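Hey, can you work out the whole structure from these sequences and the hints?
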Amino acid sequence: MALNKEWHRSHRMPTKATREQRIAWHVAHAAACGCREIPLGIRADVLQLLRSRRKP
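In terms of my numbering, the sequence shown opens at residue 127 and continues consecutively.
Rather than coming from a laboratory, the hints here were simulated on the basis of the structure. Do not rely on the hints blindly, as some may be mistaken.
[What the hints assert, rightly or not] Distance ranges between label pairs, derived from CB positions:
| # | residue 1 | residue 2 | range |
| --- | --- | --- | --- |
| 1 | S178 | A158 | 15 to 21 Å |
| 2 | T141 | S178 | 26 to 32 Å |
| 3 | M139 | A170 | 17 to 23 Å |
Please read all numbers here as calculations on a predicted model, not as lab measurements. Where a beta carbon is used, it is the ideal one built from N, C-alpha and C, also for glycine.
What follows is the structure, encoded as structure tokens:
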């Protein structure tokens with residue numbers, strides 16, 4: 127998927143983001159842009175959150 131410049135401009139990763147902030151940012155990023163993979167260090171948490179948000 128291509129880079130969504132508008133999304134990136136309006137959704138900056140906070141400086142010194144906490145783990146929870148990073149997970150939330152990457153969840154939103156995966157839904158809106160997906161220009162790159164989710165970092166390995168938080169991938170399991172992000173994927174779990176994405177699965178829990180899916181409609182049955």
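Please name the hints from earlier in the document that this structure breaks, with their numbers sorted from lowest to highest.
Of the numbered hints, all hold.
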